[in-house]
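Trainee: So the protein lines, in turn, are chains S and B.
For the first sequence, the tail end lands on 291 under this note's numbering, and the numbers increase by one without skipping.
For the second sequence, the tail end lands on 207 under this note's numbering, and the numbers increase by one without skipping.
To be clear, the hints were calculated from the coordinates, so they are not data collected in a lab.
Any given hint could be a false lead.
[Unchecked claim] Simulated pairs of lysine to aspartate or glutamate, EDC-like, Cα-Cα distance not exceeding 16 angstroms: (1) S:277 with B:92; (2) B:3 with B:200; (3) B:98 with B:85; (4) S:42 with S:56; (5) B:175 with S:282; (6) B:192 with S:282; (7) B:95 with S:282; (8) S:277 with B:97; (9) B:98 with S:282.
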Amino acid sequence: MASLQSQDVVARSATTTATPQARSAVPQVAKLIDESKCIGCKACQVACMNWNDLRDDVGNNVGVYDNPADLTANSWTVMKFYEVEPKQGNLEWLIRKDGCMHCEDPGCLKACPSPGAIVKRANGIVDFMSENCIGCGYCVKGCPFDVPRISAKDNKAYKCTLCSDRVAVGLEPACVKTCPTGAIGFGTKDDMVAYGEKRVGELKERGFQNAGLYNPQGVGGTHVMYVMKHADQPELEGLPKDPTISPMVSVWKGIAKPLAVAGMIGAVVAGFFHYMKVGPVEEKNDEKENA
Amino acid sequence: MAKLLQRYNDRERMNHWFIALMFVLAGLSGLAFFHPAFFFLTNLFGGGPWTRILHPFLGLLMVISFGALFVRLRAENRITDADREWKKHMGDMLKGDKASMPPVGKYNYGQKMVFWLMTLSLLVLVITGFMFWRPWFAPYFPIPVMRAAVLLHSVAAVVLILTTIVHVYAAIWVKGTVRAMTRGTVSEDWAKVNHRLWYDEAVKRRS
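Work out the full structure: start from the sequences and follow the hints.
Mentor: Here's what the structure looks like:
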């Protein structure tokens with residue numbers, strides 16, 4: 001299976017034993033999206049389509065720049081445009097490149113019931129192994145960022161792969177390569193955090209007091225990070241302030257599983273021993289006693 | 001040969017066994033998605049995607065057929081004061097001391113609880129099941145609602161499975177019970193010992 005032969009899989013959906021991960025002496029990678037440098041040109045969307053051979057259906061103009069309006073099974077990254085008024089009378093136009101955040105603790109992987117349909121690689125990339133996908137949509141429930149989309153054509157889940165095929169051979173993701181302003185950076189996670197923090201410092205110097213790096217710790221940090229102007233209010237751009245895997249998903253995919261299995265097996269075993277200890281209820285015995 | 005009493009007619013029995021069949025199929029296909037240890041069960045249904053496609057239909061057939069039986073048995077499963085009295089002695093029965101059990105009608109408290117737990121869990125299963133039935137119904141529900149639905153669906157499924165384990169065990173444990181569903185009849189002795197009031201009624205009706 002291709003997904004396993006890469007031998008760099010550190011986590012695998014619905015798998016309770018260790019995965020082949022001998023080749024894990026690789027640096028953690030990250031993509032840094034510097035929103036202060038983004039001009040909303042959508043070259044990244046085009047590059048993504050081009051490299052991944054994706055062609056979405058032609059949609060409808062909904063009166064805003066967003067096109068398509070949202071992520072789809074064939075649009076793995078989408079520029080989102082937000083007209084907001086953080087301060088009364090002070091309109092701002094915020095642009096965010098939406099897509100998979102590649103969580104260190106991926107909720108999709110936790111929720112997935114199909115062994116090996118979702119893997120996390122040693123470099124931090126969360127990848128969908130679509131040949132193992134059964135189309136149940138559990139990843140949609142697991143994701144704190146509403147990213148996975150299920151194709152109406154083949155009922156498989158799709159999302160940004162962080163160009164794992166390119167990264168595996170030492171190239172940067174297609175969107176990074178194409179970005180004309182250098183708003184999208186790619187490198188080791190450490191380097192990207194350091195660079196992001198440097199950019200945040202520069203923005204603060206220029207008067208953007210709430211600038212910050214979006215690398216939410218509730219999901220263990222992410223391998224896609226944003227430098228944003230209003231890091232205190234990521235909701236302005238449709239991002240959760242403190243994303244975590246929903247407690248309902250954690251209970252369902254955590255304690256509920258072993259508890260329920262133990263309960264069901266336990267009930268059968270208890271019944272067996274009850275029968276052996278107490279014996280059956282038989283009318284004949286009672287008859288004899290009555291007689 | 002012992003005299004026999006009719007306990008279930010043909011329709012009730014066929015209805016029951018259709019539910020049982022659907023329970024096994026929906027249960028096995030559902031467990032496959034619940035725990036990795038059970039994923040191999042998808043092989044029984046033609047692989048992961050087929051199991052995902054079939055499971056909701058199997059579950060829906062189970063619920064619809066249970067609905068038919070529910071209508072027939074609902075009235076007979078109302079909990080009465082006599083049941084509450086029987087409940088107090090349930091521990092004795094489990095210890096094997098049947099003598100102290102108060103007389104009961106067609107169903108005892110334990111059987112009625114099985115009936116109502118199955119009704120409740122199937123109701124939760126079918127409602128929550130629709131909420132994340134891909135590809136047709138899931139798109140109409142917001143993600144937080146679906147998260148609650150999958151959790152409740154699992155809990156209800158476990159309740160249903162545990163209840164069924166009790167149901168099957170009780171049938172094996174109390175000798176002479178299984179034939180009520182396989183043949184439709186039970187022996188008079190069985191009825192006298194296990195469902196005295198129902199026996200009295202049946203005898204009265206017959207004469």
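Trainee: All hints, please: hold or fail.
Mentor: Now the hints, each set against the structure:
The straight-line distance between the Cα atoms of residue 277 of chain S and residue 92 of chain B is roughly 14 angstroms, inside the 16 angstroms bound, and the hint therefore holds. Of the pairs offered as hints, the one joining residue 3 of chain B and residue 200 of chain B holds, with about 14 angstroms between alpha carbons and a cut-off of 16 angstroms not exceeded. For the given pair, residue 98 of chain B sits about 14 angstroms from residue 85 of chain B by alpha-carbon distance, which is consistent with the 16 angstroms threshold. Among the hinted pairs, residue 42 of chain S with residue 56 of chain S is consistent with the structure: their alpha-carbon atoms are about 14 angstroms apart, no more than 16 angstroms.
Note on residue 175 of chain B and residue 282 of chain S: the hinted pairing holds, with a Cα-Cα distance of about 5 angstroms set against a maximum of 16 angstroms. Of the pairs offered as hints, the one joining residue 192 of chain B and residue 282 of chain S holds, with about 11 angstroms between alpha carbons and a cut-off of 16 angstroms not exceeded. Distance restraint check for residue 95 of chain B and residue 282 of chain S: the Cα-Cα separation of roughly 14 angstroms lies within the 16 angstroms cut-off, and the hinted pair is therefore satisfied. Straight-line distance between C-alpha atoms of residue 277 of chain S and residue 97 of chain B comes to about 13 angstroms, which keeps the hinted pair within the 16 angstroms bound.
At most 16 angstroms may separate the alpha-carbon atoms for a hinted pair to count; residue 98 of chain B and residue 282 of chain S meet this at roughly 10 angstroms.
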